[in-house]
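J.: Sequence:
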Amino acid sequence: MCTVTYVPGSNGFFLTSNRDESSRRSTALPPKVYSDAEFSLLYPKDADKNGSWIVGKSNGNVIVLLNGAFEKHDATPPYFKSRGLILIEIIRSAFPDQFFRTMNLDGIEPFTCILHTGSQFVESRWDGLTKHIRVLDERNTYIWSSATLYNKDSRRLREEWFNDWCGRGNPITTEEILSFHKSGGDGNQNHSLIIDRAGKIGTVSITSLFRSSDKLSMTHLDLRSGNETVDEMPILPHVRHHFQRPTKLKLAIRTALIRLFHWEFWSFNALYGPIIFYWFWLSLKARSFFFFSTANPLIENSGFTMESKAAIYPLIPKQYVPKTLRFSSDTNWAELAAVLAGERLSYPLIAKPDIGGRGIRVKLVHSASELQEYASETPVDYLVQELIPYKNEVGIFYCRLPGEKHGRITGIVGKEFLQIKGDGRSTIGDLLLAEPRFVLQYRVLEKMLGSKLDDVLPDGENRTLVPYGNHARGAKFIDLSHLITEKFNISFDAFCRQIPDFYFGRLDVMYDNWDDLESGKKFQIVELNGAGSEPTHIYDPSHSLLFGWSEIIRHWKILYEIAAKNHKQRGIPYLTFREGWTMLKKNSEYFKIVS
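Numbering (this note's numbering), first residue to last: 421 to 1015.
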């Protein structure tokens, strides 16, 4: 876990790790296969913490750990969890690269892990504050040395020894690689590949993992006892069972009944039709059906519709938004790839229309091929955005009257992504049909998952199928408005007042820790939605239809007051009827194209 090399071979690759440990540390258990309902793991086990530093999974994924990130850090125990256990959590997940990006590492000591999934080969570092991810080229050779034990000069020396060994044309075999890991260096036991620092810290073992097309083989050399252990594990396809697909008629009937008895799934016209008279009353008072157009003067159409996300992001302080690039629909792939490389964006990434809504065409892309396919199929201009490294999402509704020093939060909605939990028996398809909310997404998920609907998840495993906080994409909305405190109002108002001329709207926010969010720290903005925002906390399944209507009317009234003040006091004109009608017509035509 302190020296790692990657060497590609003719029919696979080798990941080899020298483990440097304190002399007081117990001897690790040799590699062994550990199995459960869906997959198996092959790894040596740390006898003290039960974790590991190098692990292979029966689907072919492999991962290896090094202590530290870029430079030696000051240890501040106690830590929340061993890094060896974190490594196993990552490799156990269905999408380990995505899991690392979104997992909460607060309270975890800095580390580096090298992950190969077949489609992804990445170096991921946690420095105690920030995650750093670099995509690697599996055709190249690499060596890593732990920053906790080796300074820059030592690391540079080791790279020179490794490059010299690679340049000799040695046979690429386990024996040759182990030989380098045992003898590499200049004889100085402080920085050669085998170290012994006054008997206090030394290299205790060497473990080499070879991944071929059909199996994983692990050779473990215990330097204390001299014992060598070899174990292997076949690479197997996912376990699949037969899932009975519902007929079109049966699915249509069930979908209709779910919508009938759950108002949160009603169409826009069905929900808003009975209260539209209030909008007409406000329009009459304002003498403009499009009175909302002055609510947020610097946002196109005040954010009611047809607003460009790319034009809104620059209004938000830079540190609160993920890196985002805009591309026209006719951008060729070579140009797009060159821009991504220049900006050093790494997968997975979020791709979505520049003008959009309700989660339409939002996609998490895991590779260049997926992004290329997205770009070729998207008929409108779109954004490519780095994945925000926080795991929780809320929508925060904010309002401030022009001229007021301070605004206020009027609602908070929590978002539970479309996630299923395995029981060791049911297929993914069965789990989807067991939840009414997911039944409404079945046709989209059937197309997306294909034969994976037959997979059986292990008992207790959670899998997120749709990582977007959109109600229309299956997310469950939970009213968290009871968590609005004076502290939250003050900190969020201070943030929102940094956005020029922003008075009304909902911000979709990613965060890890609620206390940090309440204090105005460690969060990023997914999107800012303006005058067309819904108070989406109404969609909490526990709320009544009357509650939903009353909240919509309450926010329409606030919108009217803000727009009227900007119109009267600042002389900002409302959209004319012709301009407003043209806007609505363009919006209708646009969504016919993008949907």
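Derived from the structure by calculation, the hints contain no laboratory data.
Check each hint, because a few of them may be wrong.
Subject to a maximum C-alpha distance of 35 angstroms in a straight line, what follows is the list of computed DSBU-like cross-link-like pairs (lysine-lysine) [as the list claims (entries may be wrong)]: (1) Lys-738 - Lys-1005; (2) Lys-1005 - Lys-668; (3) Lys-738 - Lys-1012; (4) Lys-738 - Lys-668; (5) Lys-841 - Lys-1005; (6) Lys-841 - Lys-825; (7) Lys-551 - Lys-907; (8) Lys-743 - Lys-620; (9) Lys-783 - Lys-705; (10) Lys-811 - Lys-941; (11) Lys-811 - Lys-705.
Here are the computed distance ranges between Cβ atoms for each label pair [unchecked claim]: (12) Ser-911 - Thr-550: 16 to 26 angstroms; (13) Val-864 - Gly-587: 49 to 59 angstroms; (14) Pro-591 - Phe-500: 38 to 48 angstroms; (15) Tyr-698 - Leu-735: 27 to 37 angstroms; (16) Ser-633 - Val-453: 16 to 26 angstroms; (17) Phe-681 - Pro-878: 25 to 35 angstroms; (18) Thr-550 - Ser-430: 48 to 58 angstroms; (19) Thr-751 - Gly-587: 10 to 20 angstroms; (20) Ser-911 - Leu-735: 27 to 37 angstroms.
Idealized CB from N, CA, C, for every residue including glycine.
J.: Take the hints in turn and mark each one as holding or not.
T.: Going through the hints against the structure:
1. With a CA separation close to 33 angstroms, the supplied pair Lys-738 and Lys-1005 stays within the 35 angstroms bound.
2. Distance check on the hinted pair: Lys-1005 and Lys-668 sit about 33 angstroms apart at the alpha-carbon level, within 35 angstroms; holds.
3. For the hint pairing Lys-738 with Lys-1012, the CA-to-CA distance comes to about 33 angstroms; that is within 35 angstroms, so the pair holds.
4. Proximity of Lys-738 to Lys-668 is assessed by CA-CA distance (about 47 angstroms); at most 35 angstroms being required, the pair is judged violated.
5. Taking the CA atoms of Lys-841 and Lys-1005, the gap is near 43 angstroms; set against the 35 angstroms cutoff, the hint is violated.
6. Only pairs whose Cα atoms come within 35 angstroms are accepted, and Lys-841 paired with Lys-825 is rejected, the gap being roughly 47 angstroms.
7. Using a Cα cut-off of 35 angstroms, the hinted pair Lys-551 and Lys-907 holds, with the two alpha carbons roughly 29 angstroms apart.
8. Our distance criterion of 35 angstroms between C-alpha atoms is broken by Lys-743 and Lys-620, whose separation comes to about 45 angstroms.
9. For the proposed pair Lys-783 and Lys-705, the alpha carbon gap of about 42 angstroms is over 35 angstroms, so the pair is violated.
10. As the CA atoms of Lys-811 and Lys-941 are separated by approximately 15 angstroms, the hinted pair is consistent with the 35 angstroms bound.
11. A hinted pair counts as satisfied when its Cα atoms are at most 35 angstroms apart, and Lys-811 with Lys-705 does not qualify at roughly 44 angstroms.
12. Range check, Ser-911 to Thr-550: Cβ separation about 22 angstroms, and the 16 to 26 angstroms hint holds.
13. The hinted range of 49 to 59 angstroms is satisfied by Val-864 and Gly-587, whose Cβ atoms lie roughly 52 angstroms apart.
14. A hinted range of 38 to 48 angstroms holds for the C-beta pair Pro-591 and Phe-500, which are about 44 angstroms apart.
15. Checked against the hint of 27 to 37 angstroms, the C-beta distance between Tyr-698 and Leu-735 comes to roughly 30 angstroms, which is consistent with it.
16. Range check, Ser-633 to Val-453: Cβ separation about 19 angstroms, and the 16 to 26 angstroms hint holds.
17. With their beta carbons about 33 angstroms apart, Phe-681 and Pro-878 fall inside the hinted range of 25 to 35 angstroms.
18. Checked against the given bound of 48 to 58 angstroms, the beta carbons of Thr-550 and Ser-430, roughly 38 angstroms apart, lie outside it.
19. For Thr-751 and Gly-587, the hinted distance range of 10 to 20 angstroms is not satisfied, since their beta carbons lie about 41 angstroms from each other.
20. In this structure, Ser-911 and Leu-735 break the distance hint of 27 to 37 angstroms, their C-beta atoms being roughly 19 angstroms apart.
Going down the numbered hints, you'll see the structure goes against 4, 5, 6, 8, 9, 11, 18, 19, 20, while the others check out.
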